[in-house]
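Novice: Here the structure of chain A is known, so what remains is to put chain B in place on it, guided by the hints.
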Amino acid sequence: MADLHITNLHVRTEDREILKGVNLAIDKGEVHALMGPNGSGKSTLANTLLGHPAYEITEGQIVFKGQDITEAEPHERAKAGLFLAFQYPVSIPGVSVANFLRMAMNAKRDEPINVKEFRNELQHAIDLLDVDRSFTSRHLNEGFSGGEKKRAEILQMAMLAPDVAILDETDSGLDIDALRTVAEGVQRLHDEQGLGALIITHYQRILHYIKPQFVHIMLEGRIVLEGGVELVERLEREGYDSIRQEFGAHV
Amino acid sequence: MSEAETNESTEVAGAVAVKPGRHKEATLHEALAGAGAGDGRTLAQLREAALRAYESLELPVWRRSGFWSTSLTSLHLDALEVRHHASEPARPLPEIVAATLPDRPRAGRIVQLDGSVVHVELDPELAARGVVLCPLEQAATDHAETFAQWYSKRLTLDRNKLEAANAAFWTGGAFLHIPQGVVIEDPFEIVYAIDRAGVAQYGRTLIVGESGSDFRVHEYELGGDFEGQALHAGAFEMYLRDGARCRLAQVQDWGAGAGEVYDVSTRTVIVGRDAYCHWLPALLGGHLVSPHMELAVTEPGGDMGFRGIFFTEKEEHLDAFAVDLHETGPSGGDVHWRGAATGASRASFEGLIKIEPGAQQTHTYLQIHTMMLSPKARLDAIPSVLVSADDVSASHGGTVGELDEDLVFYMQSRGLDRATAVRVIVEGFFEPLLAELRDEPLEELIRGKLAAKLAAAEQDIETYAASR
Chain A
1 MADLHITNLH VRTEDREILK GVNLAIDKGE VHALMGPNGS GKSTLANTLL
51 GHPAYEITEG QIVFKGQDIT EAEPHERAKA GLFLAFQYPV SIPGVSVANF
101 LRMAMNAKRD EPINVKEFRN ELQHAIDLLD VDRSFTSRHL NEGFSGGEKK
151 RAEILQMAML APDVAILDET DSGLDIDALR TVAEGVQRLH DEQGLGALII
201 THYQRILHYI KPQFVHIMLE GRIVLEGGVE LVERLEREGY DSIRQEFGAH
251 V
Chain B
1001 MSEAETNEST EVAGAVAVKP GRHKEATLHE ALAGAGAGDG RTLAQLREAA
1051 LRAYESLELP VWRRSGFWST SLTSLHLDAL EVRHHASEPA RPLPEIVAAT
1101 LPDRPRAGRI VQLDGSVVHV ELDPELAARG VVLCPLEQAA TDHAETFAQW
1151 YSKRLTLDRN KLEAANAAFW TGGAFLHIPQ GVVIEDPFEI VYAIDRAGVA
1201 QYGRTLIVGE SGSDFRVHEY ELGGDFEGQA LHAGAFEMYL RDGARCRLAQ
1251 VQDWGAGAGE VYDVSTRTVI VGRDAYCHWL PALLGGHLVS PHMELAVTEP
1301 GGDMGFRGIF FTEKEEHLDA FAVDLHETGP SGGDVHWRGA ATGASRASFE
1351 GLIKIEPGAQ QTHTYLQIHT MMLSPKARLD AIPSVLVSAD DVSASHGGTV
1401 GELDEDLVFY MQSRGLDRAT AVRVIVEGFF EPLLAELRDE PLEELIRGKL
1451 AAKLAAAEQD IETYAASR
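Each protein sequence line maps, in turn, to chains A and B. Quick note on numbering: the first sequence equals residues 1 to 251 in the working numbering. Quick note on numbering: the second sequence equals residues 1001 to 1468 in the working numbering.
Isolated chain A (complex conformation):
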């Protein structure tokens, strides 16, 4: 079984069913892209995987590293090695990036991380993401630009070293320089730490910097098409409309 194994996942919110039977398997070290038009259920899947309370799983199962985490609390999933880079990271007033990182790292450990080790890891992540040192003493996401928020997400990912990370539209709203930095950061974490990644995106451009081995197309709550990087090229040529036409019967 894959490290992250999603079987027949049905998810609803208060008013409607959003995911209608999603199957997906991701192993550590693999890069997957999940593409689809707005409203197809990509973000719902991302939030459900981390256990957002607003989404109710009505059917199906999520297994992570052999453990059924379908009902697990969000922090238990995180401690098991899942990570979500948020599409819209919230700001945390009064808590600095560095303090938050230390808290999050300590939550995963039995003994608190020592100061020197923390500093070294922080410096490594800072270099990786090309952010200023002063960045880490600012309150997390408070007054951050869109690009800074996304960098802060990847910085956290680098520090927490998850086995599988879900990147929910990390590319949206980024200019090309920021996009390159973020994408290269993810690629290096993949290369250095064997990160498994599910890159959720609406566009193709981030996939010019991170090469996925597997591409999944989602339409109306289902994964309708799977393949390799050639699917990205097809989307680039034909757009979602042709896929919608082809799979229209199913959705």
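Rather than coming from a laboratory, the hints here were simulated on the basis of the structure. We treat Cβ as the ideally placed atom computed from N, Cα and C, and that holds for glycine. Hints may be right or wrong, so weigh each one.
Here are some, though not all, of the chain A residues that point toward chain B, as calculated from beta-carbon distances under 7 angstroms [as the list claims (entries may be wrong)]:
#1 50
#2 69
#3 72
#4 74
#5 79
#6 81
#7 92
#8 96
Label-pair ranges, simulated between beta-carbon atoms [what the hints assert, rightly or not]:
#9 1390/B x 130/A: 49 to 59 angstroms
#10 73/A x 1034/B: 30 to 40 angstroms
#11 1104/B x 211/A: 51 to 61 angstroms
#12 110/A x 1436/B: 30 to 40 angstroms
#13 70/A x 1456/B: 26 to 36 angstroms
#14 1067/B x 88/A: 28 to 38 angstroms
#15 138/A x 1183/B: 32 to 42 angstroms
#16 56/A x 1078/B: 35 to 45 angstroms
Specialist: Then chain B, alone, in the frame of chain A:
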């Protein structure tokens, strides 16, 4: 929570255009008006006048239409008494004091337990430089001239029965006198503790900072673990003369155990010419707490930062009134309060900016942010602005918020459990004010108290989250 951009927050007030005479006082309580009772009368005469007021007044009930009443009629005043303890140098600190106060360098410390001062210490070097720290009772005789000049200069004695009780019956007390130009880095600690039921504590503090002095005062009001009623009716007055500076903080925690401590107190800080005061009361608990806090600029060039924190839990009732008073200009003010409520507690904060005629070129701002953490709690923030000068700026603002579940989820997704996430959010909510204390032991003490209160309220917070 408190951010305007989150949909759970509501802007309660914007800036108001300031026109003289156009604003009504929306607050229930009224600001002190100018001179106090100490108009040349002797202490005995003042006690006598206060006793007459005490005998003629009923226990106060403050009725707030549309909200609730703050009533002291449930206080069995006749069953309480002023208990005295022998003051011996070797006497150990009361347990609650020893357990609470941070171990840190200090300039001096005075501790009143129930009706008596049981502990006084002062850095001998400061004593040699003329600094005085002693029980107020002692100051009335040993420093009669200063005492007569300042005692009750701005405090009244008959606004309500408990104010009169303090002025008539006060015992022990604290007197701190900082001579001209003396600059002291470490804080003076003034402690009022009650460790048993049945006690009426009439505490009274008088502080004078002479010209150019610069010092810190940390005041503590602490209650031990006991069952039954007790009363603290306090009076506090501080006078900062030309160019004096003081950072004043107050930690009030009468305990949330079975003890029912009533605290009805009046505090006033008078900021003289070019003087400055940064004042942060942290009101962290008590059965019924009704503080009147007034920071007044009375001479040109005075400036102040009035900060405050409150946190209510269980059945606690807080009715706080804070005044930012400007009697002359140019002057500056900056009032910023933050409060949260859990359990079935009720908290009301009324903030008043009052600019007197002639206080031209006053610039001040009042902001109040609140966070609701329980479905059964009630929290009201009432700002008001009373302006009688035309060349001034005064405005108020604030937010009313609840716990932001998206913030909780974000932190949980990073591995923090729910209780920790909530604690971090609430700490972060108070952090802008705590960081301003610029005093790590005190910051840590308040953080620790907030964390303990949150842990105790965890179930409540869960219920609230589930109900929304």
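Novice: Now tell me, hint by hint, if it's right for this structure.
Specialist: Do the hints match the structure? See the list:
no., hint, verdict
1, 50, "holds (5 angstroms)"
2, 69, "violated (13 angstroms)"
3, 72, "violated (11 angstroms)"
4, 74, "holds (4 angstroms)"
5, 79, "holds (5 angstroms)"
6, 81, "violated (10 angstroms)"
7, 92, "holds (6 angstroms)"
8, 96, "violated (10 angstroms)"
9, 1390/B x 130/A: 49 to 59 angstroms, "holds (54 angstroms)"
10, 73/A x 1034/B: 30 to 40 angstroms, "violated (59 angstroms)"
11, 1104/B x 211/A: 51 to 61 angstroms, "holds (58 angstroms)"
12, 110/A x 1436/B: 30 to 40 angstroms, "holds (35 angstroms)"
13, 70/A x 1456/B: 26 to 36 angstroms, "holds (32 angstroms)"
14, 1067/B x 88/A: 28 to 38 angstroms, "holds (37 angstroms)"
15, 138/A x 1183/B: 32 to 42 angstroms, "holds (33 angstroms)"
16, 56/A x 1078/B: 35 to 45 angstroms, "violated (59 angstroms)"
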